[in-house]
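Given chain S, work out where chain C should sit, using these hints.
Spelled out, the chains give:
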Amino acid sequence: MSIKRLSRKDYLNLVEAIFFIDFLKGLSVTLRNLFRKPITTEYPQEKLTPPKRFRGAHGHFVWDGSEPDSLKAIEKFMSYERGKSRCVACYMCQTACPMPTLFRIEAVQLPDGSKKVTRFDMNLLNCLFCGLCVDACPVGCLTMTDLYELAGYSRRDEVLRMDRLEQHGVDFSRRRGDEPDRIWSNDREREKLWGKIEWSG
Amino acid sequence: MNEFVLSLIVTLVKIGVLLGVALGLGAYLTWFERKLAGHIQARLGPTVVGPFGLLQPLADGLKLMTKESIIPKGADVPVYYLAIMMAVAPAILLFSVIPFGPEFTVFGYKVKPIISDVNIALLVVFAMGSLAVYGTIFSGWASNSKYAFIGSLRKAAVIIAYEVVLGFSVLGVVLLAGTMSTVGIVEAQIERGVWFIFYQPVAFILFLFCMLAESGRVPFDIQEAEAELVTGYNVEYGGMRFGALPLAEWYLNTMALSAIAVVLFFGGWSGPNILGALSPYFWFLAKMFGLVFFVLWLHWTLPRFQAKDITEIAWKIMLPLALVNVLVTAVVVYTFGGAG
Chain S
1 MSIKRLSRKD YLNLVEAIFF IDFLKGLSVT LRNLFRKPIT TEYPQEKLTP
51 PKRFRGAHGH FVWDGSEPDS LKAIEKFMSY ERGKSRCVAC YMCQTACPMP
101 TLFRIEAVQL PDGSKKVTRF DMNLLNCLFC GLCVDACPVG CLTMTDLYEL
151 AGYSRRDEVL RMDRLEQHGV DFSRRRGDEP DRIWSNDRER EKLWGKIEWS
201 G
Chain C
1 MNEFVLSLIV TLVKIGVLLG VALGLGAYLT WFERKLAGHI QARLGPTVVG
51 PFGLLQPLAD GLKLMTKESI IPKGADVPVY YLAIMMAVAP AILLFSVIPF
101 GPEFTVFGYK VKPIISDVNI ALLVVFAMGS LAVYGTIFSG WASNSKYAFI
151 GSLRKAAVII AYEVVLGFSV LGVVLLAGTM STVGIVEAQI ERGVWFIFYQ
201 PVAFILFLFC MLAESGRVPF DIQEAEAELV TGYNVEYGGM RFGALPLAEW
251 YLNTMALSAI AVVLFFGGWS GPNILGALSP YFWFLAKMFG LVFFVLWLHW
301 TLPRFQAKDI TEIAWKIMLP LALVNVLVTA VVVYTFGGAG
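Here the protein sequences line up with chains S and C, keeping their order.
Residue numbering for the first sequence is 1 to 201, as defined by the working numbering.
Residue numbering for the second sequence is 1 to 340, as defined by the working numbering.
Extracted from the complex, chain S is given alone in its bound form (with noise of 0.2 Å):
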């Protein structure tokens, strides 16, 4: 691709000058733009819906009959309940994480032999959201959610807890998972911002 380069004009001609014709085109292009519906987002009252595959805070999706096949391997070697976390605590995640410290998952072996996940803390602070964590999980468990409001009053606010990473899994499961898993919302969406895409072959 070479660059192209584009003329301009450094001086105005006698025309030009006199009917003030640059000056029309701006104002013709404000007028345009005056008229315009704004793209403003009024953020605490409207919030914008963010694509699927947003990487907002993470969530456990829970045993519900929708296990991987991997999960369904292991399933007799691991004490779990229905609507519980699927985490086997495989540490997969925080092996995956730039910023390992910011897991604290702890597992405990039951009696009858079967394992148990104790405790599964992310603290949000030092989270950079790449989303590689949820790439690493073997049996379907970690992901991350749309939730974008992630503030909170206090430090301790921000460390999400096996209870509520259950709660935004089953939450985002229930209002997304119908959605198919994708980025843009429909071809014609993506196609507006990013043209066609045309395959080779």
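Everything labelled a hint here was simulated from the structure, so no lab data went into it.
Worth double-checking, as some hints may not be accurate.
From the derived model, a few chain C residues whose C-beta atoms are all more than 12 Å from chain S [said to hold, decoys possible]:
| no. | residue |
| --- | --- |
| 1 | THR66 |
| 2 | VAL164 |
| 3 | MET180 |
| 4 | ARG192 |
Subject to a maximum C-alpha distance of 30 Å in a straight line, what follows is the list of computed DSS-like cross-link-like pairs (lysine-lysine) [stated by the list, open to error]:
| no. | chain 1 | residue 1 | chain 2 | residue 2 |
| --- | --- | --- | --- | --- |
| 5 | S | LYS25 | C | LYS146 |
| 6 | S | LYS37 | C | LYS35 |
| 7 | S | LYS37 | S | LYS47 |
| 8 | S | LYS25 | C | LYS316 |
Idealized CB from N, CA, C, for every residue including glycine.
For chain C alone, kept in the frame of chain S given last:
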């Protein structure tokens, strides 16, 4: 004696009405300008306080009143306070020579809707325009700040250049009307049935530019160039003292000079009779706010000239044009007989 007391009362009432209307409208122009700027930039402008944000000027006023105002160290305190008065007073005094409508009779007493119908009204306008610059200069000088001082120096340079052009641009109209009284100029236009903008288009454009320069509007707003000088001459003021300076310069001055332009070029209160007795006032205010709207519209369209360009345009282009305009007008009036 009785006559004198009566005229005094009438004048005081007129002053009261005008002060209320001018300051109220000035305050509401801030709301209008913010709305306009917002919509031009595809935003909404003020929406929260009251319906359509209509109570925003009150909220702004309340905020400015309750703010702490800090006087900078080393400031010249008497001049610091004097500057505010020197900025506001001439802007309001400009309204004293503006005729809002024709003479009417109340209880057998003739009332002119103009505070002082003097026969040198245009000279009063120039005088007040020149006095207004003292507010800027004093505020820059007294606040002991380089930003403010540079701003006020720039304003002085602009005013010196544009006062001259303003005077010459108006001379054409004065020659045509044969009078310097604002009422006389409007009556001359009504008599001929032609607005002077059709006789003096060049003068009108020159006047418009001078008006922008005098009221510190874009593209001549180098004295408060936000990007370079923070906000220029009023940077060291706080609270309502800060509020008074832009109110005077941006809103009152713009309104007053628009009204003068309406008187000079758009036939004052003349217009078809659509509202009965109120029709002249309606036409005057409609024309005036049309012009104010144009100034605001220009403000949110154009970028700012460089400081050197502004004085260059004034001295090298506009002043010769104004002189030629006056000369041609004088010759035409002498040959074909103007107002006579």
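(request) Go through the numbered hints given earlier and state which of them the structure violates, listing their numbers in rising order. (result) 5
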